[in-house]
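Given only the sequences and the hints, what does the whole structure look like? Please build it.
If you read the protein sequences in the order shown, they are chains A and B. With our numbering as the guide, the letters of the first sequence map in order to residues 1 to 41. With our numbering as the guide, the letters of the second sequence map in order to residues 1001 to 1107.
Careful: at least some of the hints might be erroneous.
Simulated crosslink set (DSSO-like; lysine-lysine; CA at most 30 Å straight-line) [said to hold, decoys possible]: (1) K1010/B - K3/A; (2) K1010/B - K1020/B; (3) K3/A - K1018/B; (4) K3/A - K1020/B.
What the hints contain is simulated information worked out from the structure, not anything from laboratory work. Small disclaimer: the values here were computed from a predicted structure and weren't measured.
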Amino acid sequence: MLKDRLIIALGERDGISGPAIAACVTAAGGTVAFIATECFV
Amino acid sequence: MDVQSQEAIKRLAEQHGKDKLLVLLGSPDAESAEIAAETVVLGDPSYAGPLAGAQLGLFVHHVLDPEIRQEIPPQVWEEQIGVMTDVLNAGALTAAVAAMRQRGGGA
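Here you go:
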């Protein structure tokens, strides 16, 4: 699934960050198109 | 969801088409996961951002979804996600995002 699509890594400060998601995707052979870490209030 | 994120997602959807994109969420609880998923599937529920009224219908999963996790090398998973795997409720997060995918007509 990760290799077939461009990934939008939308992390959250109190959960899992965007860069952490992106690192996982890259390690799985996927391509990351956008990274952000949101602060949900 | 931040206005900047909404703008970027809208632009990517226009450039690449919805079938080429996958949104991975890192939300800490089911409520915030549902709102983030709703924003990229049905549009911004707060009607405040560029995705207000934009039913992009993007494919979205939480990163803790077992379908996603199985594709990530275990060592990298441990380094990047690590203890959050145990802290967060993967089942509830996966279910919340799956429900929103189904509302958008996705699998």
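For each hint, the structure was consulted:
Pair hint K1010/B plus K3/A holds up; C-alpha atoms about 21 Å apart against a cutoff of 30 Å. With a C-alpha separation of about 13 Å, the suggested pairing of K1010/B with K1020/B holds against the 30 Å cut-off. For a cut-off of 30 Å, the pair hint linking K3/A to K1018/B stands: about 15 Å separates their Cα positions. With a CA separation close to 10 Å, the supplied pair K3/A and K1020/B stays within the 30 Å bound.
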